[in-house]
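Q: Under our numbering, the first residue of the sequence shown is numbered 1, with each subsequent residue one higher.
By construction, these hints were calculated from the structure, which means they are not laboratory data. The reader is advised that the hints may include incorrect statements.
No farther apart than 30 Å at their CA atoms in a straight line, the calculated lysine-lysine pairs in the DSBU-like style are these [unchecked claim]:
{"hint": "1", "residue 1": "K100", "residue 2": "K296"}
{"hint": "2", "residue 1": "K293", "residue 2": "K148"}
{"hint": "3", "residue 1": "K397", "residue 2": "K334"}
{"hint": "4", "residue 1": "K240", "residue 2": "K220"}
{"hint": "5", "residue 1": "K334", "residue 2": "K401"}
{"hint": "6", "residue 1": "K162", "residue 2": "K240"}
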Amino acid sequence: MCQRVTRLQSDDSAIRCLFQDGNSLTLSRFLAISISPADQIEFDPTAVDPARELRLLQHSGRRPRELYFASIGYVTQPKTDKRNSYFVCAEIAGPRLGVKQIYLPSQTVRDYFYFANRRCPGCEDQTLFELLRTPASASPTDLRLALKVRMLELQTERAQSKQLRLVERAFNLLANPELRSCYQALLLDADAPAVFPYGGFGALLAAGELSADRETFFAKRIVLFLPERRERRFRAPLRKIEFLDGYAVYRDSRRRAEVFLDALSLPVFWDPTWNQWRHLASTKFGIEATFVKSGKYRLRDGEWHLVAWETALPSRLRISLPADASQVLADAKKTYSRFGQFFDVIQAIRDRLEREPIERQELGRICGDLGIPSDFDIAQISWKPDYDPFFYTQLRKRTRKMFLFRDEYIFELERAIVVEVPEQGHATYTFSRPGNLEQWVREYARTPKDDIRRNRSNAAERLGFIGRVMHGRNPRTWLGALRARVGEPVDYSLAVEKH
Numbered sequence: 001m002c003q004r005v006t007r008l009q010s011d012d013s014a015i016r017c018l019f020q021d022g023n024s025l026t027l028s029r030f031l032a033i034s035i036s037p038a039d040q041i042e043f044d045p046t047a048v049d050p051a052r053e054l055r056l057l058q059h060s061g062r063r064p065r066e067l068y069f070a071s072i073g074y075v076t077q078p079k080t081d082k083r084n085s086y087f088v089c090a091e092i093a094g095p096r097l098g099v100k101q102i103y104l105p106s107q108t109v110r111d112y113f114y115f116a117n118r119r120c121p122g123c124e125d126q127t128l129f130e131l132l133r134t135p136a137s138a139s140p141t142d143l144r145l146a147l148k149v150r151m152l153e154l155q156t157e158r159a160q161s162k163q164l165r166l167v168e169r170a171f172n173l174l175a176n177p178e179l180r181s182c183y184q185a186l187l188l189d190a191d192a193p194a195v196f197p198y199g200g201f202g203a204l205l206a207a208g209e210l211s212a213d214r215e216t217f218f219a220k221r222i223v224l225f226l227p228e229r230r231e232r233r234f235r236a237p238l239r240k241i242e243f244l245d246g247y248a249v250y251r252d253s254r255r256r257a258e259v260f261l262d263a264l265s266l267p268v269f270w271d272p273t274w275n276q277w278r279h280l281a282s283t284k285f286g287i288e289a290t291f292v293k294s295g296k297y298r299l300r301d302g303e304w305h306l307v308a309w310e311t312a313l314p315s316r317l318r319i320s321l322p323a324d325a326s327q328v329l330a331d332a333k334k335t336y337s338r339f340g341q342f343f344d345v346i347q348a349i350r351d352r353l354e355r356e357p358i359e360r361q362e363l364g365r366i367c368g369d370l371g372i373p374s375d376f377d378i379a380q381i382s383w384k385p386d387y388d389p390f391f392y393t394q395l396r397k398r399t400r401k402m403f404l405f406r407d408e409y410i411f412e413l414e415r416a417i418v419v420e421v422p423e424q425g426h427a428t429y430t431f432s433r434p435g436n437l438e439q440w441v442r443e444y445a446r447t448p449k450d451d452i453r454r455n456r457s458n459a460a461e462r463l464g465f466i467g468r469v470m471h472g473r474n475p476r477t478w479l480g481a482l483r484a485r486v487g488e489p490v491d492y493s494l495a496v497e498k499h
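Input sequences plus hints: build the corresponding full structure.
A: Right, here's the structure in full:
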């Protein structure tokens, strides 16, 4: 349907466009500022939200100007056209007007995202570094400090909100390594390819013209882009932070979340050897941030698949560390050093554990006789880098006696025996409590896991196998299921996941 606007009517936080036939369409204020009486609006009245995709024809000038508004999904990486000019294409999310994509020349992306501050009078040659009052060689930590200082100065000067947004946008571009690299290339060559920040996903209003076949909108200018974003708050393992040159990054494939960090946002001692021993850090840190939707293509089974991710805006990031974080990191580094110092001895112990289970206290005496200090954590011998210590902690505090065997822990609880593999993606095996623990452990050591699962030769009956408790996505759900299996009262509130 294509309707001519006769009048605009304010309606609380929105604007109603009244048409000649008496019908109307309600639009958000940010979109309605581009519409005047006599303009034409093309939309699908049968859509659940007709204002989600619009084509506007403005008649205020000598010749009509065409605007197109839609929700976009993934925006491609820059590539060249027949004239060797760079461009990107934004796919339309749930198209209703026949338009499949928006063609965006590289300079259009550049001018809106990377050179936006240059539209201000007197700032034609101002760089984002100059906007933040930092040198082009500033480190990520220097950039965050500069942001704090500039925002404080602007707030003291009662600067306009537009100026505050420009400074925040400058920081968000420069604090992202990929976008900073793109921007620095544009400073050297304005015709270099411009990456669409965070890969698209949001509401885009562009000026341009529709192709003859109505499948492509050729944008000449981006009028407005609002990224799809949401607030998220969760706790993450410190061991998943990877330290790179001047910055660190946390990526979680389960949460589909990505966070870029610097020494100011993550106030811990940045040791150059961190990546070698970070898997030994058993604590978590808090993340609270505004996340924008992004996308990554992954090659699977010979085909490329788009995987939705979310990236934290650096300016809206808050990190909280536990009080003992420094001590935990110091202990992790110390343990790593011990593994190197006593490598041959520990390897000999591992070889012995492959043949026979050893009770924890007995293993401690063996380590002491071999010269390993008494404060060395014996459990680390079998610990895998991606293992969540929550599982071990919950089992350890319920344990009467513990054995190490191969790559497993065997826990004697009050009413059951529990076998745990300290590695991500494994399950917890539960068994009924035997009359003779030592005999049960020897019998278990002779029985393959597959025999227990399938009850081959009555192995499951002989060992009193109760069942498996999968680790799953939410450790607290695992805890509730475990307590039910081992005969403890279950607190079902623990099954509620904390986001």
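Q: Any hints from earlier that this structure breaks? Give me their numbers in increasing order, please.
A: 4 and 6
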